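Student: Listed below, chain by chain, are the residues.
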Amino acid sequence: MDLRFTAEERAFRAEVRDFIDRTLPDETRARMASGRTPTKAQWGWWHSKLFERGWSVPDWAKEHGGPGWTPVQRYIFREELQQAPAPQPQQFGTMMVGPVIIAFGSEAQKRRFLPGIRSGREWWCQGFSEPGAGSDLASLQTSARRVDDHYIVNGQKTWTTLAHWADWMFALVRTDPNAKKKQEGIGFLLIDMKSPGITVRPIVTIDGEHEINEVFFDDVKVPADNMVGDATRGWDCAKFLLSNERTGQARVGMSKERIRRLKRIAAATPAGGRPLIEDARFRERLAAVEVELKALEITTMRVVAAEQRALGERKPDPASSLLKVKGSEILQSISALMVEAAGPYGIAAPMEEATAGANEPEIVPDWAAMAQPIWMNWRKLSIYGGTNEIQRNIMAKAFLGL
Amino acid sequence: MDFDLSEEQRLLRESLARLLADRYGFEQRKAYAREPDGWSRAMWAAYAELGLLGLPFAEDEGGFGGGAVETLLVAEALGEALALEPWLATVVLGGGALRHGASRQRRAALVPAIAQGSLLLALAHTEAQSRWDLHDVAATAKRDGEGWVLEGRKLVVLHGDVADKLVVTARTAGDRRDRAGIGVFLVDAAASGLTRRGHRTNDGRRAAEVTLAGVRVAAEDVLGDPADGLPMLERVVHEAIAALAAEAVGVMAAAQKLTLDYLKVRKQFGVPIGSFQVLQHKAADVMMAIEQSRSMAMYAAMSLEEPDPAERARAMSAVKAQIGRAARFVAEETVQMHGGIGITMEYAVAHCMARLGVIEAMFGDAEFHLRRLADAGGLIAA
Chain Y
1 MDLRFTAEER AFRAEVRDFI DRTLPDETRA RMASGRTPTK AQWGWWHSKL
51 FERGWSVPDW AKEHGGPGWT PVQRYIFREE LQQAPAPQPQ QFGTMMVGPV
101 IIAFGSEAQK RRFLPGIRSG REWWCQGFSE PGAGSDLASL QTSARRVDDH
151 YIVNGQKTWT TLAHWADWMF ALVRTDPNAK KKQEGIGFLL IDMKSPGITV
201 RPIVTIDGEH EINEVFFDDV KVPADNMVGD ATRGWDCAKF LLSNERTGQA
251 RVGMSKERIR RLKRIAAATP AGGRPLIEDA RFRERLAAVE VELKALEITT
301 MRVVAAEQRA LGERKPDPAS SLLKVKGSEI LQSISALMVE AAGPYGIAAP
351 MEEATAGANE PEIVPDWAAM AQPIWMNWRK LSIYGGTNEI QRNIMAKAFL
401 GL
Chain L
1 MDFDLSEEQR LLRESLARLL ADRYGFEQRK AYAREPDGWS RAMWAAYAEL
51 GLLGLPFAED EGGFGGGAVE TLLVAEALGE ALALEPWLAT VVLGGGALRH
101 GASRQRRAAL VPAIAQGSLL LALAHTEAQS RWDLHDVAAT AKRDGEGWVL
151 EGRKLVVLHG DVADKLVVTA RTAGDRRDRA GIGVFLVDAA ASGLTRRGHR
201 TNDGRRAAEV TLAGVRVAAE DVLGDPADGL PMLERVVHEA IAALAAEAVG
251 VMAAAQKLTL DYLKVRKQFG VPIGSFQVLQ HKAADVMMAI EQSRSMAMYA
301 AMSLEEPDPA ERARAMSAVK AQIGRAARFV AEETVQMHGG IGITMEYAVA
351 HCMARLGVIE AMFGDAEFHL RRLADAGGLI AA
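Protein chains in written order, with the working numbering: chain Y, 1 to 402; chain L, 1 to 382.
I should point out that these hints are in silico values taken from the structure, not numbers from a laboratory. Just to be clear, a hint being listed does not mean it is correct.
No more than 20 Å apart at the CA atoms, straight line, and that leaves these computed lysine to any residue pairs for SDA-like [as the list claims (entries may be wrong)]:
#: 1; chain 1: L; residue 1: Lys257; chain 2: Y; residue 2: Arg261
#: 2; chain 1: Y; residue 1: Lys397; chain 2: L; residue 2: Ser275
#: 3; chain 1: Y; residue 1: Lys397; chain 2: L; residue 2: Leu260
Quick caveat, the model's predicted, so the values are computed rather than measured.
Let the hints inform the model, and build the full structure from the sequences given.
Tutor: Pasting the structure below:
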């Protein structure tokens with residue numbers, strides 16, 4: 001039993017960090033550190049640099065253009081990006097639809113779509129949730145009716161992150177409304193977002209940002225060749241996709257970065273005539289979060305080590321539920337401590353992007369103005385990707401046999 | 001980075017698990033608890049035979065040369081069985097003080113007796129005013145020729161009622177709360193001037209009040225530097241915290257197993273109560289707390305190698321804080337999920353709670369360690 005990384009792994013970490021330090025533009029880093037989503041241009045540029053370096057699809061095998069990294073290397077890579085902080089490779093393509101196409105797609109689909117995912121030239125979004133299908137995803141209603149060599153898609157998706165940037169959507173659609181079980185009769189379909197009949201309508205979130213959308217389908221014609229795998233077995237693809245990403249769910253590097261930032265802020269913020277970090281109640285609660293994070297870091301490493309041992313074997317692991325629940329709870333706790341650090345100045349909303357870029361002096365520090373928006377926005381962490389309550393259901397059933 | 005066990009470690013774990021499965025069922029445990037010392041001398045002999053009593057001592061001194069991982073495995077298994085024997089007191093606490101403080105000759109004389117099971121030890125440190133502050137020592141040690149004379153009163157000395165020798169802290173210089181000037185002494189329990197009053201502990205074990213009135217200690221029984229014994233004491237306590245963390249994981253796992261079994265068989269409203277989502281979510285929360293604790297117990301074992309005492313102290317505070325919180329949570333929730341049967345002496349989950357409560361109260365509870373960790377700047381450097 002040994003918690004230390006090997007010399008090769010430490011050298012790899014240094015190589016990644018060095019690349020980030022040399023390549024990541026200051027504005028992108030600053031925007032990430034402020035808690036904002038990078039702009040499309042910043043994100044796309046960064047993805048293209050990762051692509052040039054051969055690192056844009058960290059989880060893929062060499063034969064599909066990935067770096068062929070071990071689970072430990074992938075863990076280190078993501079942690080370094082999170083700690084920088086730098087954007088991850090565009091996740092919907094590289095982490096979600098890409099692995100599904102590799103596992104279930106046709107040769108033609110691999111040739112058509114994998115290069116654009118690797119390079120980041122094509123942006124993807126995920127069409128899973130619907131107004132009537134949230135936690136009960138399999139009750140989705142968006143229909144795909146086969147007509148000759150096309151599907152005609154009708155219905156509505158919602159909570160679609162970055163649909164307004166996306167060139168393509170991978171969607172779960174009902175292909176057989178008469179299937180016996182609702183999990184059957186669902187297809188995994190790749191839809192060109194420029195297709196006639198698609199309407200993308202923004203949903204503005206509680207922090208005033210536009211990140212998610214509603215997407216409407218009105219007789220949208222999609223080539224039948226864009227169906228991934230069997231047209232009635234799309235649920236298998238969805239399960240594969242949702243269980244694929246495990247250790248990234250914990251976001252340990254992101255929490256570390258936020259804690260460092262919070263500590264620097266608390267050391268520079270006066271409260272009661274001395275720095276906030278000297279307030280016993282504040283720093284004890286911060287220490288409690290650090291303790292949970294340390295435990296989560298080791299738990300994550302246990303999962304990574306188990307993956308390393310079972311190299312090549314891809315099977316769903318209920319541990320991902322634990323990592324997701326704990327990881328989101330920790331980030332949410334940090335966001336609440338940041339609100340406390342902001343104090344009365346947290347009342348001010350962040351300045352408009354246009355103003356913030358100009359040379360106008362700040363009214364309150366940007367971190368203080370961002371604290372409450374982040375605290376509010378991060379409710380999403382325990383809601384998306386299967387709510388934390390659904391994760392507890394999974395643990396009870398898959399782990400505990402209840 | 002790997003979490004695998006070596007072949008020897010696997011064997012150790014398996015043979016101990018077999019022994020405990022055969023001889024430490026809950027009914028057998030009840031019988032052991034009724035023995036005069038509150039634990040089983042026969043089991044103690046069986047542990048000796050397995051090598052558990054000499055585990056952490058060097059092989060050339062009569063031990064088995066086990067490290068932190070071996071200690072973790074044994075402590076976890078003993079925890080799962082709710083074993084009552086004074087393994088922590090003798091091997092980890094008393095034995096730790098010998099390993100780090102006794103001369104080679106002294107160890108050569110004592111370790112074989114410990115390993116064979118014929119020498120029981122206890123750490124006599126806590127005082128009426130000290131709570132968990134290791135540096136708060138009012139008991140005194142005064143020079144007396146080559147040796148020393150001890151005065152003072154020590155409380156909740158675990159298994160101090162049966163120990164053959166006591167590891168006693170006493171002040172050789174300075175004021176009550178000075179870090180310097182603390183000596184550590186090995187005192188024979190039969191020494192003139194030493195009296196002890198045994199009592200029960202809330203987890204069904206035994207402890208003692210130890211009073212020292214003019215107790216003479218020979219020079220060879222000074223452990224470490226009599227002018228500066230605190231770093232050694234802290235090291236021993238760090239090892240004890242690591243062992244307790246692993247033991248707590250074992251106890252929590254036992255409580256969880258009982259609870260999951262119960263949720264599946266206990267019927268109300270015509271269905272197993274485990275079919276209720278509110279209980280499923282509690283069970284999931286318990287599972288997460290245990291897995292996080294398991295991780296922390298591993299972190300504890302591996303942090304013992306940390307050479308910088310301040311870094312090690314930080315890590316151990318994090319460990320004890322996490323374990324303390326998780327232990328309290330798991331104890332409360334597993335009892336709650338049982339309903340009335342959970343708070344009866346006749347049912348094992350109540351004994352899990354009792355043990356977890358005591359573990360939380362040893363060497364600093366979660367709040368104590370969170371405060372310490374926060375005062376030291378936390379785990380992550382800004």
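Student: Flag every earlier hint the structure violates by its number, smallest first.
Tutor: 1
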